[in-house]
Structures are given as structure tokens and as C-alpha cells.
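Residue numbers (the working numbering), protein chains in the order written: chain A, 5 to 346; chain B, 46 to 370; chain C, 528 to 839.
Keep in mind that the hints were calculated from the coordinates and are not lab data.
Quantities reported herein were computed from a predicted structural model and do not represent experimental measurements.
Incorrect hints may appear among the rest.
[Said to hold, decoys possible] Below, computed lysine to aspartate or glutamate pairings styled on DMTMM-like, alpha-carbon distance capped at 20 Å:
| hint | chain 1 | residue 1 | chain 2 | residue 2 |
| --- | --- | --- | --- | --- |
| 1 | B | 290 | A | 323 |
| 2 | A | 79 | C | 786 |
| 3 | A | 79 | C | 729 |
| 4 | B | 314 | A | 217 |
| 5 | B | 314 | A | 229 |
| 6 | A | 343 | A | 323 |
| 7 | A | 17 | A | 229 |
| 8 | B | 314 | A | 323 |
| 9 | C | 565 | B | 64 |
| 10 | B | 314 | A | 218 |
Single-letter residue listing:
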Amino acid sequence: MTELTENARHSPKVELLRTEHLTRHFKIGGALSRRTLHAVDDVNFAISEREIVALAGESGSGKSTIARVLARICKPTSGEVYFEGKPLSGIRSRRDALRYSGLVPMVFQDPFASINPVFRIQHGVLRCLKLHRPELPASERLTEAARVFEVVGLDPAMLGRFPYELSGGQRQRVGFAQALAMRPKLILADEPVSMLDVSIRIGLLNLMAKLRDEEGVSILYITHDIASARYVADRLIVMYAGQIAETGPIEDVLTHPRHPYTQLLLSAVPDPRAPLSVAAETDRGEPPKVVDPAPGCRFRWRCPLAIDTCAQVTPELAELRPAHDVACHVAQTSAEEVKAFT
Amino acid sequence: MPELPLLEVTDLSVDYVLDQGSVRAVDDVSFTVDRGEFLGIVGESGCGKSTLLFAVAQLLSPPAVVAGGSVLFQGTNLVGLTDDQLSAVRWRDMSVVMQSAMNALNPVTSIGAQFKDAMRAHGKYSAGEITARSAEVLRMVGIDPVHLRSYPHQLSGGMRQRSMIAMALLFTPDLVIMDEPTSALDVVAQRSLMVQIKELQQTFGFAVIFVTHDMSLISHFSDRLMVMYAGQVDELGVTRQIFDKPLHPYTQGLLEAFPSIHGPRVPLKGIPGNPPSLASPPSGCRFHPRCPSAFDRCPAVTPDLYAVGGTLVRCLLHENGSPSR
Amino acid sequence: MAMPVSGVPTQTPAAPAPAGSGHHVLARIGHAVRSNHKATVGTVLLLIFILIALFPGVIAHDSPTQDAYAPNLGISTAHLLGTNHYGQDLFSQLVYGTRNVLIIAFVVGLATTGIAVLIGVAAAYLGGGWDGTLNVLTDVLLVIPLFPLLIIIAAYAHGGTTLVLIAAITLTSWSYTARQLRAQALTLRNRDFLAAARVRGERQLYIIMVEVIPTMTSLIVASFLTNALYAVLFASSLQFIGLGDPNTVSWGTTLYWAENNAALQTGEPLWAVAPGACIAVLGAAFALLNYAFDEIGNPALRPVRKPRSKRA
């Protein structure tokens with residue numbers, strides 16, 4: 005990564021977004037059922053300016069739900085989200101809502117479904133400009149659209165084409181261009197590269213790093229691929245079953261993973277250059293669907309190190325290394341590093 | 046006398062016949078699979094690997110049609126056989142695992158009922174035999190046989206894929222063809238499924254053709270690897286050798302496009318450009334517009350597959366059977 | 528393509544674009560019509576009828592209502608279909624009647640589809656109480672048997688002028704289409720590009736009008752064609768049983784008079800058969816266009832062409 009990012013990472017950061025006890029439950033079953041699915045439980049994290057935070061976890065971990073709450077597609081069941089110090093629940097007028105959606109846009113996962121197939125590519129970008137950049141006169145919108153296209157590495161001639169003429173990678177760049185057109189502070193990227201071919205992913209990951217370095221935009225990068233998270237992100241949040249298991253600077257979390265689940269994830273990542281790790285074979289478990297959970301660690305059924313406390317008390321995040329928090333009883337109480345999965 | 050390969054594909058070509066003309070999705074592909082061998086077929090979207098798979102399994106439907114070549118399975122050419130003739134081979138000797146279990150499993154019947162259908166379709170069995178065998182294959186893939194009564198939506202993604210594999214193993218075929226069976230799964234489930242497949246393969250001795258876009262996934266499991274690009278085979282050889290010393294610039298580019306979680310963080314480039322349109326592929330070598338090592342002859346001459354050691358590579362750089370640059 | 532291509536992850540599998548398609552909508556439609564046989568036949572037939580309706584005087588030289596000729600003449604060059612019991616030229620009747628039929632077809636088609644789009648898509652998007660209310664309205668009309676209702680309305684309106692016919696048929700036909708459109712709108716509701724529009728701050732009405740409805744065009748066009756077809760059949764049927772205005776010149780009224788005079792039994796079969804044939808041909812034109820649109824919109828439905836045999 006560039007020297008710019010090294011400096012940026014060490015200077016004190018301005019906080020952009022913060023969640024406090026963010027919780028989102030869904031009622032499941034029929035009208036008479038009282039069961040709730042705990043998609044997100046008591047999640048606290050912060051995102052600063054000019055940083056890429058990776059939110060990693062398997063499906064069902066709650067990461068997409070968090071994205072939807074942050075994009076204001078759904079409201080939290082309890083807890084609060086603060087953006088630039090102001091709570092999201094305080095957004096009532098259309099003007100405030102519009103302002104927020106311009107500062108915190110979302111890029112979606114599926115490049116083939118996220119663009120309206122009926123219109124030319126310019127349609128979405130121009131709408132973004134019209135809604136969020138009122139100071140820009142209509143005559144200059146197309147020029148500005150061309151400019152953001154160049155920033156994301158697209159030929160401005162594509163503005164006049166239809167979506168079916170573009171490849172998946174190009175369409176995802178259009179998604180980023182639309183977000184960029186609104187002069188955002190934080191982009192919510194929900195698995196933006198999962199559906200792309202591997203050789204195309206790097207191009208988009210490089211684009212994300214460029215947006216952070218040159219445009220000063222923060223990105224919440226939601227993914228299940230730890231390797232790509234390592235490639236672009238500054239910090240990592242590992243989620244399991246709706247709760248944060250571990251969080252910290254990405255290099256530190258990856259070289260000193262303290263939570264057994266993080267270790268499991270790391271051992272399962274295929275790496276052609278490394279020999280095959282044996283540990284992950286022994287795990288046949290699946291992330292649980294968390295319905296009306298009892299207290300206790302939600303990973304305990306798959307954890308080889310689980311102790312009695314794990315079944316009784318839900319672990320809370322505690323700082324075990326500088327800026328590196330772990331929610332695990334065993335990790336918190338043991339003197340040396342735990343090794344559940346190597 | 047060396048044993049005949051289990052599967053011998055020679056010069057296989059598949060066309061899509063469209064209004065505007067034919068598009069060749071698979072172009073003169075040849076490879077063999079020996080008994081008990083694990084062959085990985087790797088490539089990106091549009092390279093023709095899924096089409097190739099369907100052609101080998103004789104599952105092509107219009108407008109796709111085999112335009113040439115042969116598929117010799119245990120000595121018999123499958124191309125041109127009728128459905129009746131194929132059914133003797135299907136599922137008993139060769140079975141297929143589809144990409145997405147939710148698409149391949151019937152959502153309105155239980156798993157057990159689908160196993161029953163599969164067994165009945167290929168032979169006469171009593172109800173007891175069917176239940177016993179169904180339970181046995183489920184146990185083989187690590188699923189409790191009580192799930193014979195479950196519906197697909199009641200199982201997790203990983204379990205669904207495993208039951209697809211169990212269904213493919215009902216008759217312990219000699220060859221199991223798999224089309225990206227792990228792509229919808231999370232990384233932990235993916236790893237455990239791959240290990241499971243390898244274990245089963247080693248226990249029962251069947252051959253596997255495994256199609257995927259994810260090279261790193263297959264690196265530890267396949268014996269040999271075939272890299273496809275734009276409908277052609279670009280590199281074919283022993284897996285470890287290809288990973289240690291990739292010969293084709295495309296393979297090199299692919300390998301470099303995987304960020305690693307170990308080692309230093311280095312900026313990567315990926316492969317610039319996009320895969321070509323199969324309707325009008327580039328002249329000469331199909332990879333030349335994106336190739337960092339392309340030289341003047343590349344747009345003019347279509348390279349054959351050249352042998353370099355035990356690996357076949359379609360690149361003019363290796364025209365003389367050894368690296369020329 | 529009917530072939531499943533590997534889904535995840537994907538890039539556009541370099542699909543060849545239709546030859547000669549500019550993005551000009553007309554050019555694409557033109558190409559589609561020319562290449563699909565059903566579309567070609569249907570379009571030609573429909574155009575013929577439209578021309579006849581626009582310029583009846585050019586084709587038929589006699590007034591349709593004037594009973595100036597000898598009755599019951601057979602086919603001749605002067606009277607292409609002969610004359611009827613009243614001495615009117617049958618051919619002129621049919622030619623002049625085309626206008627009435629086509630007006631009914633198009634107006635009903637447009638009105639029915641228009642109402643159905645409004646109500647169906649609104650129900651899908653507004654959800655909740657609105658959806659419930661609109662659904663009840665739609666379902667009630669759906670459940671009432673269509674033809675008896677038509678008869679009652681037409682009879683109550685004291686015999687229908689064309690306007691009454693149009694109104695009655697529209698009123699009873701929109702509910703089926705509304706149901707269909709609502710179902711399709713519901714499936715579109717969760718598509719990412721609509722979520723993207725919501726997230727960028729578009730208003731609800733804008734999303735419905737600009738983002739949703741244009742993606743439903745193929746179903747909307749198909750609905751229009753189906754409703755036009757049924758309008759022709761229903762209108763002619765109502766006129767045939769005497770609920771239309773018997774003095775209007777239309778195919779259905781011609782049939783009515785033919786029936787009144789027992790044309791089939793008294794040896795003037797052409798009087799009854801010819802208008803019936805016209806109705807059938809126009810109906811076929813709409814039906815062919817409907818099939819053709821389906822095929823154009825959904826390539827999986829296209830007829831399979833035998834590949835030219837290559838080397839074995």
C-alpha cells in the first residue's frame with residue numbers, strides 16, 4: 005500500500021460513525037409466534053475518516069443486516085447509530101434523510117441486479133447528481149458524471165451504453181461511481197467483489213484503496229473473504245452469530261488471532277502457497293440460526309476450548325492487545341495465546 | 046500394458062446455434078481422466094468450463110450442440126448415443142453434482158424421496174434396499190440419516206451440497222463430475238466439503254472432474270489441473286507443478302490475483318481487460334490482448350498445445366517445447 | 528440461452544448482441560419483427576386491418592348501409608362478397624365495420640391495461656392496508672362471471688353505443704390483468720436496483736413510475752394485446768346477441784342481422800361466415816403478436832432451429 009496510507013493510519017483519526025449496542029431482531033414464525041431471530045446483538049464499533057474497515061463473517065453472522073441498518077433500509081430494534089455525532093433516529097425530515105443517504109451510500113453485491121436494465125448507464129449517476137448535488141447545474145451533470153467515471157477507471161463513453169453491454173467488473177465500478185458522485189464520507193460496500201471473477205476482483209479492491217487514499221472516503225467492506233479483507237482493509241471486525249467476536253488492526257488480528265472462531269476462519273482460507281492446514285477438517289459445524297438464544301457464548305458448540313463459563317455467561321469484548329478486542333472467556337483469562345485451530 | 050483411461054475426451058467442440066450464427070463455446074478440447082484421478086478444471090466466467098462439463102455428461106440442451114470430437118467413457122463414445130443408451134451409464138458409472146443444490150434439488154419433496162427417485166430410475170430395488178442405501182450414502186457424507194425426511198429448505202447450505210454429493214454416490218460410480226459445488230458456501234463449509242470429497246474419493250476410488258473458478262480452493266486437492274480460457278485449454282498438467290511453475294501467462298496472472306493472508310502485503314495487479322467475446326475472439330492467441338508477454342507473432346499465429354516437461358501449454362513462448370524467452 | 532452457465536461468480540458471458548441493433552428501440556423492434564415469423568405474420572395482418580379501418584372508402588366503393596342493390600346476390604366482381612338480404616354490399620359492411628372493431632380493441636386494450644397497471648403496481652408497492660383494499664376490489668371483480676356481468680351492464684344501459692360497450696368491457700376486464708401485474712411487481716420489489724434507488728433517496732412514486740414500470744413492459748404489452756383480443760371477441764358477442772346498437776356498422780352487428788334473417792339456413796352463408804372469419808383473423812393477429820412478444824422477451828421460448836450439420 006502507499007506511504008500515504010501508512011501516515012494516515014498512524015495519525016489520530018476523526019470518528020465518522022459509531023454504533024452503540026446496536027441490535028436488530030426479526031420476528032419469525034406466524035402471526036401468533038413469539039420467536040425472534042437475533043440477527044444482530046449488542047454490536048459496538050466505530051469507523052473513522054479515511055479508513056477501510058472490513059466486516060467479516062459467514063452468512064447468518066449479521067453483517068448484511070448491519071449494512072442495511074446503516075443504510076437506513078431498516079431500523080434497529082434497540083441501540084443507536086451516530087453519524088458525525090448525530091443519532092440516526094433523529095433523522096426525520098426528507099432533507100436530512102437525503103443528506104445522510106448522500107454521505108453514506110451503499111454499493112450492492114450483485115452487479116447484474118443492481119443496475120436497472122432498462123435505462124442507459126448514465127441514468128443512475130445523473131439521478132444521484134440531481135438528488136444530492138443541487139448546486140450543480142443540469143448542464144454540467146454529464147461532465148461531472150464523466151469525471152467520476154474516470155476516477156473509478158471507466159471510459160466515460162460507457163455512460164451511453166446499456167447495462168447488458170458491460171461486464172460484471174465494469175458494473176461494480178459503476179456502483180462505486182454512483183456512490184462517489186454524491187461526495188460520500190463513508191461507502192457501505194456489501195460484498196462488492198464476491199460475484200466477480202478472481203482476476204477482476206483485484207482491480208476493484210485497488211479501486212477501493214484508491215478511493216480511501218485519494219478521495220478521502222471511508223469504506224465499510226463487508227465480506228466473507230478474509231484474504232481480500234487483508235488486502236485492502238485497515239481494521240477487521242469478525243462477526244459470529246450476530247455478535248462481534250474479535251476486532252482490531254487487521255495485521256494484528258491476522259497474525260495474533262485470539263478468538264477461536266477467527267482461528268478457524270483463518271485455517272479454512274485456501275492458500276495455494278501454504279501447505280494444507282489440518283485443523284479445519286475436524287469442524288463440521290455450521291453457524292447457528294440464533295432464535296431466542298440463552299446467555300452464553302454462541303460459538304461454544306464448535307469450540308474445542310469451551311469451559312463452563314462459556315455456557316453461562318455471554319462474553320464481552322475486552323482489549324487483549326493494543327486496540328485489539330476479543331470476546332472470549334478463555335482468551336481473556338489465559339495468560340498466553342490460545343490455540344484452538346491452527 | 047498401460048490401463049485405458051477412464052475418460053478420454055478428444056477434440057471436443059460445442060457450439061451455441063443462435064439466430065445470428067454459431068458461437069463456439071468449447072474449441073477442440075482434449076484431455077483424459079484415469080481411474081481414481083482428481084482432475085480440476087479452472088477458468089473464469091465465459092471460458093466454457095461449464096459447457097464442457099455438460100457436454101461430457103451429455104446434458105447439453107438446445108441451442109448448445111456438440112459440433113465435433115468424441116467423449117470416450119470406458120471405451121464407448123457417448124456423443125450421439127440416445128437417452129436410452131445413455132441411461133445405462135448415467136448415475137451408475139458416471140454422475141453429476143450441480144452447482145447450486147437449491148436449483149438441482151426438488152424443493153417440494155423430501156431428500157429421501159429424491160434418493161428413491163434416483164434409485165428407481167436406474168434399477169429395480171425394494172423399499173428396504175432403497176432406504177438402507179440412502180441412509181448409507183448420507184452417513185458417508187456426514188449427515189444423520191434422520192434427514193431423509195427433511196426438505197431441502199430445512200437443511201443448511203453445506204448440508205444440501207453434501208446431500209447432492211450423496212445422491213451422486215448412490216451407485217458408487219466410477220466418475221463423478223462436479224460443477225462448482227462449493228461456490229455458494231462459506232469458507233469453513235467449503236473447506237470441510239472439499240476434505241470430505243477427497244476422503245470419499247480415496248476410500249471408494251472414483252475419479253472426479255471438478256470445475257471451479259477458484260484456483261486456490263483446488264490447489265491441495267486435485268492431481269492434475271486444466272486451465273481454460275475463451276473455450277480452449279491453455280495449460281494442462283500436474284497440479285503442484287502448475288502452481289510451482291505456471292507456464293502460461295494467463296495461469297501466472299490468475300495465480301497472482303489471489304491475495305494471501307500470509308506473508309507480506311503486496312499490491313497486486315490482476316489481469317487487465319476482460320475475457321473476450323466468443324462470438325468474435327481475438328485473432329491468433331486468444332489471450333494476447335491481455336498478455337504482458339505478448340510479442341509480434343501472437344496476434345498472427347494460433348498456438349497449439351506444446352509439451353513442456355509433463356505439462357501442455359498453449360503459448361508461443363513455449364513453442365519449441367521449452368521456454369524460448 | 529437455455530443452457531445454465533456457471534452462476535457465481537459471474538461476468539457477462541460475452542453474449543453476442545443482436546446483429547444490427549442500435550439502441551434505438553424501433554430498430555430493435557423492427558429486427559425482432561422481421562426475424563420472428565409469428566411477429567411478421569401478426570404485424571402484417573394487423574397493419575392490413577389498420578389500413579382498412581383508416582381508409583375504408585379506398586377499398587370499398589359502396590356505402591355499407593345503403594340497400595341499393597338486389598338482395599342475395601352471389602359473389603361477383605361488383606360485389607366481392609355478394610349482397611345480403613337487404614341488398615347491402617356485404618364487403619362494404621365488413622370494410623367499414625373494421626373501424627368500429629379496431630377502435631373498441633385499442634381503446635379497451637389501453638384503458639384496461641392502464642387501470643390494471645395503476646392498481647396492480649400500486650397494490651404491490653404501497654402494501655399493507657392499501658394492498659388489502661385494492662386486492663378486495665380486484666378479487667370481487669375477478670370472481671364475478673364476466674359475460675353475464677357484461678350482459679347485465681349492457682342491457683341496463685339500454686343497448687350499447689360503442690362507448691357503453693367499451694366502458695362495460697373495460698370495467699369487467701381490468702381485474703385479471705391487475706392481478707398479474709401485481710404479482711410481477713411483487714417479484715421485482717426486492718431487486719437490488721430498486722433497493723439502490725431507495726437508498727439513493729428516490730421518492731416512492733418516482734420508483735414506481737420510472738424504475739419499476741419500465742421493467743415490466745413486456746408483461747404490459749402482452750396484457751394490452753390479450754385485452755385487445757378479448758375486447759374484439761366480447762364486443763362482437765354482445766353485438767351478436769343484440770346488446771350492441773344494431774345500427775352501428777360493425778362485424779358483430781352484421782352477424783346479428785345475419786342471425787336475425789337466419790342467413791345460414793336460407794342459403795346466404797357468406798353473411799354469417801364472412802364477419803366471423805374477420806373476427807377470427809383479427810383475433811389471430813393479436814394472438815400471434817402476443818406469442819411473438821413472449822418469444823422475443825424470453826429467448827427460452829423460441830422455437831429450436833436444427834443446427835446445420837457439421838463434421839461428425
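Tell me the numbers of any earlier hints that the structure contravenes, in ascending order.
1, 2, 7 and 8
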